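**Student:** Given only the sequences and the hints, what does the whole structure look like? Please build it.
Chains as they are written, first to last, in the UniProt record's numbering: chain L, 1 to 281; chain A, 1 to 186; chain P, 1 to 142; chain D, 1 to 135.
Among the clues, some could well be false.
[What the hints assert, rightly or not] Lysine-lysine pairs mimicking DSSO-like chemistry, simulated, CA-CA at most 27 Å apart: (1) P:Lys44 / D:Lys26; (2) P:Lys98 / A:Lys151; (3) L:Lys147 / L:Lys158.
Just so you know, the hints here were simulated from the structure itself, not pulled from any lab data. For clarity, every value in this text was computed on a predicted model and none was experimentally measured.
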Amino acid sequence: MSDPLSNPTINTTNVGGQTTTQNIIGGIGSGKSNSVGTPYTTPLQTSAHTAANSLSATNSPIPTHHMINSNSSNNLSGMATPGGPGLQQQQQQQQQSTISSNNLGLLGQQSQQQQQTILSPITTQPKSISASCFEFFYIEMIDCIMKSSSDKQHAHKKLDKLGFKVGHRLVERLSLDTALFPELLDSVKFICKVFWAMVFKKTIDGLKTNHKGVFVLTDSKFQWLQHLSFDSSASNKDCSEYVQFTAGLIKGAMSNFGFKCIVTFDIQQVSTCVFTIKIES
Amino acid sequence: MSKKYDKLGNDVFNKVEKINSELFTLTYGALVTQLIKDYEDIEQVNIKLEQMGYNIGIRLIEEFLAKSGIGRCSDFIETAEVIAKVGFKMFLGINAHVGDWDADRKEFHLTIEDNPLIDFVELPEQYKHKLYYSNILCGVIRGALEMVQMKVKCTFVKCTLSDDTTSEIKVVLEEVLSDMIPVGYD
Amino acid sequence: MIYNIYIFNKDGTCIYNEDWNKKKQSQNQSEDQKLLFGMLYSLKAFITSSSPKKIDDKTGFHCYKTSTYKLHYYETLSCIKFIIMSDPNVPDLRDDLKKIYSQIFVEYVIKNPIYKPGTTVKCDTFINQLNLYLKQMPSFSS
Amino acid sequence: MTINSIYILNKAGTLIYQNDFGNTEKLSHNSYIRLGSTFHSLHAIASNLSPVSGSSSGIEVIETEAFKLQCFQTHTGIKFYVIADPNHQQLEELLHGVYELYTDYVLKNPFYEIEMQIRCDLFDYKLLRLLGVRE
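**Tutor:** Written out as structure tokens, the structure reads:
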């Protein structure tokens, strides 16, 4: 699977003194879109891919090359080699904002800084906090909002509004250098990869569209439901309040790109979430 | 002692899974503005934030104990160092400093540097010195310490959002709790 | 052979209890749980006062053995008590109890938004992960 | 391997003998009595808590970070327990030795009243030698 345009290997010494070889391979491979006989064609055009255990190996119908494979243990995520400047810039920013030294388990703190300065001297080094810190805060926020009004629908609206506000501003920060008024398709793809990677540390697993303003995004391992589990005998197994905020995030992000839309979602078995974006003409 | 905990704080922070702090900053900001809308009375917002922090603290302490492997602190002074150097670093990736101990070592101030909650936040004039924007942190400390048998009171005494030079939390040890005595046992 | 596991929280409520290979049918489970919790409370007090040197009343006690079973004990600083009863020859399971606490209990109970701290634990994923962990231990059914 | 202290309880759980060795700090006589009776009740509860059907003995060993307690109960209900170094391996043997000394120098002493406090110097002396030898 390795790409001929492979980069030189950078040896980065881990904090613990153990030398690790980061084999950074990247290349603008044009992923062929392969529709599997479904009415929806998959336009997801890959712009960079990781060499080893990329997602397409897990026989998902959509050969999405997984931009950042959060559970790949040994090699660094795909890095764009000489491609469009805007694209490269966006790669670097997203690259640096979603390096998680824990997932890779090999990158020490300062070797991460040192590696970042090579890649993107200009943008400020983003601050990171522990994922469980946000997780504990998120649990409490949802509980607080749901309790703040007796009517469940009203509480869901509040969560949706909160998500909208955050999504709108978050995308503002992330898309500093994408085209001012990106196309509809590019915006959705941006959300599937860059936005999703920043918030959920993985990209959307599947994107489909009917080219008439309806997009279906599938996240087969929705991060914010990973630790959630019901009592087997529980009658009410509704955990939609933990996903409603994300629907708001998507809506806010899309509105920042200039597209007004309705976002609905469906929680399937284990922790798969399918988000449907309907663009309002 | 604090050098030892500095190193531990960094080690644990390097190990834990991390995310970009902007999501946290923006979500927290949205929540605070929502609370201001819901409660109007700023003092109620402060109380609500502290209460939310408390509910977070009673869960967060378990992650802290499990991931940092910290043993029992010999005294309140060591507890303060652990909070500042390990707790704040492990969860928020920032450094905090302990100072201004009172005579009988029951009260100290925690000075927080580059608190991610207040990134890009401009507090409107009417809220200055009224809204304790990061009051959730006081609740987290109170909740966490209560789970390890220390009843404390935490309040913001200085906040850079209200044009103070630093952000400082005053932590007062009110009581050391003992284990629950089961019924029927002396 | 592992017979059962108990988890008690800060105020003595038994928040989780599961039996495997247990031969004795107990008439009243909550009575057993109270008896066990009370016994452990005074055992810890006994240990603290009869110890020749200073001992931490939480991490001090490791296990005790009788002719028919061995009780393994691990208590966190947040007073959550993990207890496993096994046959007398099973080596000390403290490290396993520590792993159950940090890798299973914290992840699938404490971080489970549905779970309210202090209440009894009924989360599916926790139960599955716990059984998965215990059943792969050599001493589980030997 | 240090031996810290030895306790002997009669059938009813009353303390009939207690001795500390090495530099173990002394407690008051009343606290020794209280500790003895507490152990007696813990010993009994532990056997009721057995998850296995059939009768279970009481506590035989307690392991802690600072000491190991080994207990030997005779068929007549007398309990001998010793508090020693956590890694001491021959405590069971040692207790049997103490039991032999008890049968020789206490039970066979006509002036000793059954179930009452043991105040036999010979027993003390022999005990110290037993532990001395083992030290």
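**Student:** Does each hint fit the structure? Answer for all of them.
**Tutor:** Status of each hint after checking the structure:
1. Between Lys44 of chain P and Lys26 of chain D the alpha-carbon distance is near 20 Å, which keeps this suggested pair within the 27 Å criterion.
2. Proximity of Lys98 of chain P to Lys151 of chain A is assessed by CA-CA distance (about 26 Å); at most 27 Å being required, the pair is judged to hold.
3. With a C-alpha separation of about 11 Å, the suggested pair Lys147 of chain L and Lys158 of chain L falls inside the 27 Å cut-off, and the hint holds.
Checked against the numbered hints above, the structure violates none of them.
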